[in-house]
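**Student:** Here's the letter readout for the chains.
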Amino acid sequence: MDRRKFILSLAATALPMALPGSVMAGFLDNLLDPNSKESKIFSGAKSVLSSSQQLDYKSERTIGERLAVEGFRRYGMPLQNAKLQHYVNLVGLAAAANSPRPNIPYRFVVVESDVQNAFACPGGIIFVTSALVRIMRNEAELAGILAHEIGHVALRHALKSIQRAQFFSGVGQITAATMKGDKGAQFESMINDMQNVLFDKGLDQNMEYEADANAMDTTYRTGYNPAGITEVLQGLQRIEATSTKKGSWFSTHPPLPSRIAKNQTAMSKYPDAAKLAVLPDRFLAQAK
Amino acid sequence: MKNSTMMLAAAAGVLCLATPALAQEKLYVSSEGAKLKAEKSASSDTVAELPVGTALQVLGQEESWYKVSAGGKSGWIYRGKVSATPPEASRQGGDNLFSGGGSSAILVSEADSARSMRGLNESEQQAAKAAGRPARPLSDYQHALDKVLAEKIGQRELEGFLKAGRIGEYAK
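So the sequences go chain by chain: G and V.
When we follow this note's numbering, the leftmost residue of the first sequence carries the number 1230, and every step to the right adds one.
When we follow this note's numbering, the leftmost residue of the second sequence carries the number 39, and every step to the right adds one.
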């Protein structure tokens, strides 16, 4: 199989993730049951879908790795600071272990950029810009931002946002043999759509609220003060008037006041939050 | 209904919610790297390593720890490692985050051949122009991504990191 066919056949296995949310839930589980409705519907696509669910994750990851390259092009290359990159991965993995999707291989990268932003590629490659790290003051805040992005990956928000892309259509019929020509063009078009969502338009507001709630829950479960995400939002609010908007957290996320207010209300779920880890010293030693 | 009656009814409702029948309660391991400990302390002996999805019978709760039993063994587990419903991961399977030479390494190596660089050549000129920077050879991006994916952190290093920061179950 040549490289292109291999890529496309991998990409075809991303199809289940493109189904509407209600169908998505439990889709993979049902597929594993040979008597389920889902399994029967997709029996025509056996050559793709029976090749184990790990392949499904791989196709999600393939899309994510391509998006990551677009992220480098759009925002900047990884910051040349191995100590900071390793530290960000430690904080991110600590949080990811207690996330709703703990068992995929997440990776975290700080890219050199003057624009404050963070985003997540499907499959778990998570970007945060150096400008956003600069406004953080402690490890709980870093954990909050990373956990917000982990939430987008865990809940497959980016994929759900482009589920109508033509690339994902015709799931029942797709096999490696039908993945030539048009499908290749549709893959490129789907990647463009996803870039447009992640880098310019932003995800649906409710997805952002869901990711904030997830960030608070995940950091709390890990043992960080769950107020970290909200403190970063407040930091962004302080610099909003003087910051670049295009391609930033400001243009791709819902208005800060409504998010801060929602998060502050949700803090009542965490009565012992103030006793949990914040770690300003360790953060400053690593990040500054 | 009189106000006082309503308040009593409400209070009774709250009490019902606040006192779960612990003997009946079930929880599920929902985090990677969860351990059943002999005491309610991360530094106590590990009774068993608990995979994501393991069903736990709750025997009691003290501070941030649940006393639970699973598979004939009993011990303590930190509250952040469990949830009331089975996590998605246990139903779906997936890759082990910490397998240094295992499934995630395979993913990384296979991803090299699977990585789609098609169509990038034409658009690099445009992207460079939009960002106000010189165009880069595509191999730069490939190397940058390879380096990100090659970052490896083992379970032991992560536990040491949590312990040093006194985070979660390592809090004093």
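Watch out, some of these pointers could steer you wrong.
[Said to hold, decoys possible] Rough simulated footprint, nothing fancy, chain G against chain V, three-plus residues with beta-carbon under 8 Å:
{"hint": "1", "stretch": "77–88"}
{"hint": "2", "stretch": "197–210"}
[Unchecked claim] Straight line, CA to CA, 25 Å or less: simulated DSS-like cross-link-like pairs of lysine-lysine:
{"hint": "3", "chain 1": "V", "residue 1": "201", "chain 2": "G", "residue 2": "1312"}
{"hint": "4", "chain 1": "V", "residue 1": "167", "chain 2": "G", "residue 2": "1430"}
{"hint": "5", "chain 1": "G", "residue 1": "1491", "chain 2": "G", "residue 2": "1430"}
{"hint": "6", "chain 1": "G", "residue 1": "1504", "chain 2": "V", "residue 2": "210"}
{"hint": "7", "chain 1": "V", "residue 1": "167", "chain 2": "G", "residue 2": "1517"}
{"hint": "8", "chain 1": "V", "residue 1": "185", "chain 2": "V", "residue 2": "78"}
The hints are simulated quantities; they were obtained by calculation from the structure and are not laboratory data.
The beta carbon of each residue, even a glycine, is placed where N, CA and C say it ideally should be.
**Student:** Are the hints correct? Go through all of them and say.
**Tutor:** Now for the hints, and whether the structure bears them out:
1. 77–88: It is violated, with 0 qualifying residues against the three required.
2. 197–210: That given contact holds, which follows from 10 residues of the stretch 197–210 of chain V lying within Cβ reach (below 8 Å) of chain G.
3. 201(V) - 1312(G): 19 Å, holds
4. 167(V) - 1430(G): Holds, at about 21 Å.
5. 1491(G) - 1430(G): Between residue 1491(G) and residue 1430(G) the Cα gap is close to 22 Å, so the pair holds against 25 Å.
6. 1504(G) - 210(V): Between residue 1504(G) and residue 210(V) the Cα gap is close to 10 Å, so the pair holds against 25 Å.
7. 167(V) - 1517(G): 31 Å, violated
8. 185(V) - 78(V): 39 Å, violated
In summary, the structure is inconsistent with hints 1, 7, 8 from the numbered list given earlier, while agreeing with the others.
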